[in-house]
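Asks: So the sequence shown is numbered by my numbering: it starts at 1109 and just counts up by one.
Hints were generated in silico from the structure; no laboratory data involved.
Careful, some of the hints might be misleading.
Calculated pairs, EDC-like style, for lysine to aspartate or glutamate (alpha carbon to alpha carbon, straight line, at most 20 angstroms) [unchecked claim]:
(1) Lys1566 x Asp1631
(2) Lys1284 x Asp1299
(3) Lys1525 x Glu1594
(4) Lys1433 x Glu1312
(5) Lys1484 x Glu1440
(6) Lys1503 x Glu1472
(7) Lys1318 x Glu1304
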Amino acid sequence: MILKINKFKNQITAIAGFLLVLALVAHFSGLTDVKQVALLIATVIAGIPIFLKAFQALRMKAFSIELLVTIAVIGALFIGEYVESAVVTFLFLFGDYLEARTLQKTRSSLKDLIDMAPQEAVVLRNGEEVTVEMNAVEVGDHVIIRSGGKVPVDGSIISGQASLNEAAVTGESVPKTKRKDDKVFSGTIVDSGYMEMVAEKVGEDTTFAKIIELVEEAQDSKSKTEKFLDKFANVYTPTVVVLSVLVYLITRDLHIAITFLVVACPGALVIGAPVSNVAGIGNGAKHGVLVKGGEVMDIFSKVDTIVFDKTGTLTKGKPEVTDIKVFGEYKEEDVLRLVAQAETASEHHLGRTIVKEANDRGMELFMKPTDVEVMKGNGIQATVEGHHLSIGNRKLMNADGIHMVEEVCAYAIEREKLGNTAIFVAIDGKIAGIFSIADQIREDAVEALAEMRENGIKKMIMLTGDNKHTAELVAETLGLDEFHAELLPENKVEMLMKLKAEGHVVAMAGDGINDAPAIATADIGLAMGEGGTDVSMETADVVLMADQLMQFSHAYALSKATIRNMKQNTFFAVGTVFVLLAGVLAGSIHLASGMFIHEASVLLVILNAMRLIRFNHGNRKGGRKVPVAEV
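Construct the entire structure; sequences and hints are all you get.
Replies: Below you can see the structure in the form of structure tokens.
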């Protein structure tokens, strides 16, 4: 019964509206009886959905807005104010309809995301192309995507080349060219080209599916303001009932008392904060920024100190080997081959860079390393082709008792001052070479950091495990307030705890993998990384789906705009209630006009929140390219 009534609520609203028009025509035609009957029927029809919701709330021991309206309508009928009762019930339902329509628009970003989800995939089965539903794609399947097609799963390209629009995942509308071995993500669109890929993540495990899940959860979560307003409404609503009784006892005017009851409804107050939260999170999703809920948005807006990791955050995270220096009797090719084979067991970005260099030179890395031991924050040790290798920084060399002559130390410092990371290689206890690896500072770093300072960030600090020379060069180029180099992951955590103890509200931006402990320690953990990693999505409070610091700037500006919007809505809602109550007590606001203004105030706070959907802090693409280094 209740479900059926709710299903046809829009039709009920339309019928009530028609009856009100009929009553108006009857009034001008002098058909008093027809007018009264039309008003009574309109009250009953429009009142049924309201009465049922009020009854449900009472069963849950809750005082709802519908309960206040129900009491007011019964009071109006009791004193014979049929016009008031009919108009109030119609306006309430019509306002509910308009709220639902406008709220749908605040969730438009999420709806757009869901609409972008691919429904079918073309896979190779027994050598033939077969079109299957999404849930039929399995890990390991070879998937074919042509121009105009959507990538159905996460995976790697095994043949072909295509230009992909990744806006659904990263928020970046400029297409990217993808080739063999490049990663591609579900929900992205092939603008032009052809590619065959192998499925690595399917169904709910894809990046795109996780984005939708996170945005849905975030929009349903509540900020501190919302939680407070919920508690306030639970106290406020029964208080209004008591106050309306007092108004009646003082004035002995039932009409004033029920009007007081209606105009004091906390509708705009209750809905103002949630709709701002939904619109703000939706805007973030549209721009490739996942904010995990209203409470995160609230804390993020108060951040005054940002701590950056360097590699993959301030720099592009795409390092290259710029030089290989060998010492002793070893040849460059031999050192590279041995080190690359050892690094196949490592997940570190520096190790992957060395492996890539070997692959680019056409080397076959057929020997698997044994006795592998990852020295967290320092490097790796392994046995390859019968040789014991130590690969890492100075700390690792010192820990292994590796003697480094002055020539080796001087060369390493020279390379570091040029912006390289020096990776020391010892074979069988002796220094055999130094790999120089460099990365570029992100093109948008200078502009993004400047914008964040303008928006209220007081302190910017860089924490890195890299050498102090490279760290200093990056810090000076970007105008950072502090930098701390040669840190282990636990040292970063200690620094963050110290900053928090000093009273700073701290955001930590990292790649979401090596920096997971620091990201979890900060007041706001922010993970960067194209396409997002599983670790970043689970650990961070804010995830940037594209490798752009301008997204960070947008996220911070958005958090401030969202909280500001919440405060505006709360102020307006409270102000409207006070004005209406004063008007009731002064005799200038009546039941129908009070309900009209009340519903108008609800719509106004929704429309104010909808401005957040179009919010753009003015970020500009590009920026100055800064060819400085690191890893």
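Asks: All hints are to be evaluated individually against the structure, with a verdict given for each.
Replies: Hint-by-hint comparison with the structure:
no.	hint	in the structure
1	Lys1566 x Asp1631	holds, 16 angstroms
2	Lys1284 x Asp1299	holds, 9 angstroms
3	Lys1525 x Glu1594	holds, 15 angstroms
4	Lys1433 x Glu1312	violated, 47 angstroms
5	Lys1484 x Glu1440	violated, 27 angstroms
6	Lys1503 x Glu1472	violated, 30 angstroms
7	Lys1318 x Glu1304	violated, 23 angstroms
Checked against the numbered hints given earlier, the structure breaks hints 4, 5, 6, 7 and satisfies all the rest.
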